[in-house]
Every structure is written in C-alpha cells, then in structure tokens.
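Number of protein chains: 2
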Amino acid sequence: MPYFDAASAAPLHPVAHQALLASLDEGWADPARLYREGRRARMLLDAAREAAAEAVGCRPDELVFTPSGTHAVHTGIAGALAARRRVGRHLVTSAVEHSSVLHSAAAHEADGGSATEVPVGRTGAVAARDFAAALRPDTALACLQSANHEVGTLQPVAEVAQQCREVGVPLLVDAAQSLGWGPVDGDWSLLTASAHKWGGPAGVGLLVVRKGVRYAPQGPADEREAGRSPGFVNLPAVVAAAASLRAVRAEADEEAARLRELVERIRARVAADVPDVEVVGDPVDRLPHLVTFSCLYVDGESLLHALDGAGFSVSSGSSCTSSTLTPSHVLRAMGVLSEGNVRVSLPRGTREAEVADFLAALPGAVAGVRERLGAPGAVPAAPSAAPASLTVDALGKRCPLPVIELAKVIGDVAPGGTVTVLADDVAARLDIPAWCEMRGQEYVGEEERAQGSAYVVRRAK
Amino acid sequence: MPYFDAASAAPLHPVAHQALLASLDEGWADPARLYREGRRARMLLDAAREAAAEAVGCRPDELVFTPSGTHAVHTGIAGALAARRRVGRHLVTSAVEHSSVLHSAAAHEADGGSATEVPVGRTGAVAARDFAAALRPDTALACLQSANHEVGTLQPVAEVAQQCREVGVPLLVDAAQSLGWGPVDGDWSLLTASAHKWGGPAGVGLLVVRKGVRYAPQGPADEREAGRSPGFVNLPAVVAAAASLRAVRAEADEEAARLRELVERIRARVAADVPDVEVVGDPVDRLPHLVTFSCLYVDGESLLHALDGAGFSVSSGSSCTSSTLTPSHVLRAMGVLSEGNVRVSLPRGTREAEVADFLAALPGAVAGVRERLGAPGAVPAAPSAAPASLTVDALGKRCPLPVIELAKVIGDVAPGGTVTVLADDVAARLDIPAWCEMRGQEYVGEEERAQGSAYVVRRAK
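From first to last, the protein sequence lines stand for chains U and G.
The opening position of the first sequence corresponds to residue 9 in my numbering, with each subsequent residue numbered one higher.
The opening position of the second sequence corresponds to residue 9 in my numbering, with each subsequent residue numbered one higher.
Chain U extracted, bound-state conformation (with noise of 0.2 Å):
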C-alpha cells in the first residue's frame, strides 16, 4: 500500500529501527549518573552527537537535542531573539515558513516584537534581494527555510546567509524537509530539524547555535543539553536518530537521483493526463522527492478519500482538509490554486511501480469528484443578448464550490461583461483570482459586504 507523505513522517529507516532496539537495553539510564549504567548512556549520547554533528557539518558542543523539531524551532528563535534584545525586537522570515516559525513570530509580537514576513514568488522561492530589503538595524534574527515543506522548492539559503552575515544579523534555516539530503550550504548561525522526517524516530529534533552567535535560553533553568533543551534525553530515539541519519545520507545521492525522475514523471504525466490541473512549485530548484499540484472544481477532502481508498496516501493543502477552513499559508502566500490540492512526497524505496499505479488512478479519481460536484465544461459560447452582469450567491458554500458556481455562469454573461461572486469561504480569494489566470479571465477585484465578499470576474472578449 503506497505511502506517500514522508514529508509528514516517514516511516522508520531499517537503522533506526536496529538503534533503537540495541540502545533500549543500553541507553535507559541517566547519562549525567556516575556508575556504569550512566557512564554507558553517556558514551551513547556523545557518539550520537558527534555522528550528527558531522552529518549538520558543525562541531560537536554547537549540537543539542530537543523532543522535537518544532521545539528546536520555538526555542531556537527564542533563544536567539532574547540574546539580541538589545540590538532590536525586529524578526525577518519568509511568508512560506513551517508553521513554527510563522507561529514563534506571533508569539514574539503578542509579546511586543514586530516581524517582517517576506513574500515569495509563484514557484515558493523568496528573492534573495527581497529578503535582503527586509533587514533593518533593528532585526535581531532571520528565519529561512532550506526548502519548503508544501511544494519542494529550495531557497536560496547560501546567498541569504551571505546578506545576513554582512550586515550581522544571525539567520536560522529550518532545515527539517532537506537534512536527510545533504548539509545545508552557506554560513548560517542556527539550523533546526527533526528525525522523523529522515526516517529517525519521532521525539528527536536539532537545534545547532554556532560558535560566537549570541543566544540565551529562555524558559526555566535545565543544566541538560548544554542548558539549551530542558528534560530527560531520550537517548535511544537520539542514538537512533544519528545513526539513521548517517545512513539516509550514505544513500542520498543515488536516492535522490532515483526519486527526482519518478516525480519528474509525476509532474509530466498530471499535467498531461489530468485536466485543469496547476502543478506548483519550481520545477527544477526543488525535493528530490515532492510534487504538488492543484486541480480545479475539485475539493481537497473528497480526493484524498478517494485515493485513500484506491491505497495512496497524500495530504493536501486545501482548506477543506484542515480544521481551520483556510489553505495553506504556502499556496496563499504563492497566489496558486489551492482547492484539490494534493502533495506526493515519496518516502525512500518508493517503487517505479507504486508511481505508475498511482498516476493509473489519479485521473479517475478527480474525475469522480468532478462528476460528483457537477463540474462545468469548457466555457460555451455567449448566448445573443447575453446580459452584462451577473451575481451568483455562493455564500455558505466551502471550496471548490464558489469556484464551480462562476465557472457554470461565465459563459451567461457577453463578452466584456461582469460576473460577481458573494462567498464567505476564505479559499475564493486565492482560488477565484488563480482560476482567472487558469482561464484566460481578468479578474476584477474583491469588495468586502457585510457578510463575506464580493469577487469581480470580467468575461474575456
């Protein structure tokens, strides 16, 4: 059964699996206890760090544990903007964050800091320029991604260390969706990451504070892990962490090879074989092994069922499929499609086979969904006396409803002439102008009503 979300949580490497095992009988004991049983978990803690350490490319003592990657973010950002208060309160990230970073930064203006979310371009990547622009004297820290966890796309994290460095301002990178690839490139200050993600076990994040980068912890006092990361270790899933860790990477290479052609031939074969599809993301600058793509009138929830049911797990990034009602922040901030989306991201030892099966099914299974929501067709030709607007009231209606119920009228009304859509579903703002784009339609622009919104789409001539 094809599991495709590693960038959700792969599953265990094989060497994971044999660490932990090996250092369950070895590692339970206290490692800062001086009778044997501590003195062997503490043997066990060092060579972890050491392996990981050289996997990051960083000295040992640099390295600490935390339970998690999102811990290792939210302590990191706050360690370093704490040592920095005196410089300023100001916190410099890209609009396309883990939710972490984007969350650590609320947090951090609750408290009275402010924060510069810097915009992306179509494909996820910032502009190195751009990210440049948003520092300021009193920017205490920066936050990049290494490569972005909806879509793949890498940033240019070596050019924006380089920007960072030159005008002393500490930059973070979010290295959680590319460790298990290769170290990250350029004189970053602190990078975070989690095993799961590589194939590690879950409870293990990084947090790396270089040498000479000033950082204080915060929260209550913990003389563990060099006072950086608080509680117990739990030493078997870190020595299984490192170990897998030096295991995903002697493999990486030839992995990686294998892995970018399957979903090149993914991206090739949904943008031919399924219609009205938008594949995002760069196309070359990206994963090794994720691919997203939209697909018009369909909604996110329904075709992960479907494809759960024919055996594929995906997730997605429509609105439909979250408990908040909003999509993802990623497609927002890149202005695609966001209603049927679907993310592969293919773990290690994904099968040419598994791809083919699920490129075999996916067509269908839009399809159905399509049928299912009474998808329109092409665009037909205007009736004579076509009126020169429209109004259609898709107000209660969830993505991708507003968008099916303007792409059923537009061909009601004359050329030149306008449709407006009243919707309360936060995806019509994103999906309304990306459909336009699709279609070859302008779109106008959106009023706010007393309840939910007005979208202005002009007919194409």
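Quick caveat, the hints were computed from the structure, so don't treat them as lab data.
In this text, a Cβ means the ideal position worked out from N, Cα and C, and glycines have one as well.
Incorrect hints may appear among the rest.
Said to hold, decoys possible - Pulled from the structure, derived: some chain G residues nowhere near chain U, Cβ distances all over 12 Å:
1. G220
2. R268
3. T428
4. E455
What the hints assert, rightly or not - A partial selection of chain U residues facing chain G, derived with a Cβ cut-off under 7 Å:
5. A37
6. L42
7. S461
Unchecked claim - Sample of chain G residues with no beta-carbon within 12 Å of chain U, all distances over it, derived:
8. A140
9. R266
10. D293
11. G460
Put chain G on the given structure of chain U with help from the hints.
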C-alpha cells in the same frame, strides 16, 4: 549487577518494550492525517490517552502527553500561572520540590512574579497548616509533590488540596515519583508525571488539567495535544508509556509490599552496621522502594565510586557529586547531614539477595573511604590545661574535610570551650550543625567572614 537508582530512571518494563516495538511499525504516521496510516496512529493515540487517564483517575480530555516530566512541569506551571494573572502573580511551592518546579518558580520571579517556599520538617514533609498559611489572596498557583524524589517522604497532598480548594487556589501535584504506585488522592487541579520513572520509555510526560481549571497555554501556538504540548507526538513512546503504566499498576500493591520490606531491612541494617550514619526521610509515610542515608566523615563521590566498583549503582545528594558544589536542596531544607549521602531506590523486581549483597558490602565501603580521609574516632577526654578555644582553618577544603577537621580537634578544647571552623565549602553550613546534633555538641552559630564563614561549636560539658 544491582541497579538501585530507579528514582533517576527505571529500566524499561517488559510491557513497555513490547508495546514500543509493536507501535514502531504501526504508529509512526501523523495522527492528524486522514489516510489509513494516520487513522491507525490516531486510534493508538486515543487508546493510550484513555489508558493513561484511567490510571491517573481523570477524563481523557483532561490529559495531554508531553516530551518529558520536566516539560509537563514547566508548561503546566506557566499555563496555570498565566491563566490567573489577574488574580495575582504569587506562587507557592514546598522547599523540597523537584528542580523543574523550583526552576519554574525562579523563572517566574525573574519575570516579576513572587514565590514562597514552604519549609519542611526533618523528615522532609511539609505541615499542611504551614502550606495553608503561605496561600495569599494573590496566590495564582500552589505546587506540591506527591512524594519526595530524594528521601521518599510522602506529602499531605489530599489535605493541602482541600485547603487550596477552600481558598480557590489551584494545586499542581508533581506525581513523578509516585504515579506508578497508585493514583494521587485528593481534589487536586493539575498533575504532572514522567513515564521513565515508572518503567516506561524516556520521552513521555503527562500533564493533566482538570475541567474547570483555568489554563492558558504559553509560547507559540501549536494545534497538537489540545494546544498544550507542541511538537509531533512521539506515538510509539506514548503507547509504551500507557501500556507500562497499566502493567506496573496491576503489580503495584504486591510489589510495593515486597520492596517496602526490603527497604525496612536496609533502614535497620544501615543504622546498625554503619557507625555515624543518619538515615533520613519519614520511616513510615514514604515511597515503598526508596531510602536515603548520610555517612559522617565520608565524601559522597568516593563512596559512590567504591560502591560502583563493588557493582552497585546508587546516587547521592552530596555536594561533591554534583557539578554545582552545593548539597541537595532537599537535604538542606530538611536540615540533615549531607556528607556521604546515598540514595537507594529499588527498581521493580529487585531480589532479596541483591539487597543482602549491598548490605554486606556497604560497611566496608564506608570504612574504606573514612580510612583514606583520616576520619577521627570518638571524642577523647580533654587533656589537662586544654585551651578554652581553638580555631581550625579549613578554607579551600571540600566536604567532608571541614567536619573531619572539627572532629579531630574537639577533644583538644576544654569542656565548655569552643572550636571555630573557618570554611568556604557550602556544605559546611549544613554538615557542621548536623554533626553537632549527631555528636551531642552545641552548635553556637555562624558568622560571615571576608572569605567563607566561621562556624562556632561549643564542646559539651
């Protein structure tokens, strides 16, 4: 090889081992996802939460899993304090809480809050009336451990909880040491625990917040675990924690009775077979598996090494075994001897023969350390024409040397005369009065000097 430090970390229970293995294959996916692997993970997580809640005696939706007991304490205290900020910023704890509680209190004070430590008696227990007296109109939260981690003494939690209810102050109970032995009685408001203390894996703590108790999560938002514990859930460890809690509870009564008897034997035999020893902690109202004693004229680190060499793993609250050079805050609060301190905490399944071997080895180990340090014997009769006062310079000498120097010269002054010990080792402040108590000499007092302190002792008549 007997391991007698279960209070630091218990060896993994066989049920935890099995459950961890089983859920490594079933429980690695994200429980928030809609596909089959996610649904399976969600079912495992729900079942673990129900099992843990049943053992605690709470509703499943009152309990979240954290990455450690320390995280449970840090986040629980911060969330409870923040929710009652309008009431006030006063925090009450006992003086013998775990460092995670006391460090939370210190962080709260550094942030502008206030804190009161309720003192304990010589057995390590707070008096419920003293605790009640510390509650104020602006008290936002009170914290009391169920049982002390260093000396095993049970605290009057049910009575204190009742008093807290009466004045509307929530009580957080740190149940790390006792939860494996049984639920915490009384009408507490919040509870924390740590799985690796009961034989579960590292990487799992519990935070329980009773319905109706005001709670405001701090730090960056995260939707997992009801917004109370950020980061990807370490599901295999959580499953193992819940399964092992259920398993140790099933055996708890029988095993507690058995270990209680073994500890009774240690208490009696240590007092009888080791000269100049103080067995500390409540002899009756105590954890079943834990006993602590201190040996005069012995340094804890040498004794631990000697016992480790003989095959026994124990821990110590003596200053010379910690990196801080201060003796355990628990022993300090109790006002008992800290030098030559040994904590014995028996893991489940400890055999009688192992305890017998330990009791056979201990007197020789203590005598060996004393011989190397040149520890004095009984106080000799005063020589004729003995001086009325003497001063001993023990500056720069570490525990237990200042006490040994004192003991060596006490016989040289006339009865009723005084010995002044100059010392800058922090342990002297605790150990010189404790020595006087054990030796029937009079402790006159301490006077600060430019370097260290002068401790004055009057020879008994």
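Evaluated hints:
no.	hint	verdict
1	G220	holds (24 Å)
2	R268	holds (24 Å)
3	T428	holds (34 Å)
4	E455	holds (31 Å)
5	A37	holds (5 Å)
6	L42	holds (5 Å)
7	S461	violated (26 Å)
8	A140	holds (26 Å)
9	R266	holds (22 Å)
10	D293	holds (27 Å)
11	G460	holds (25 Å)
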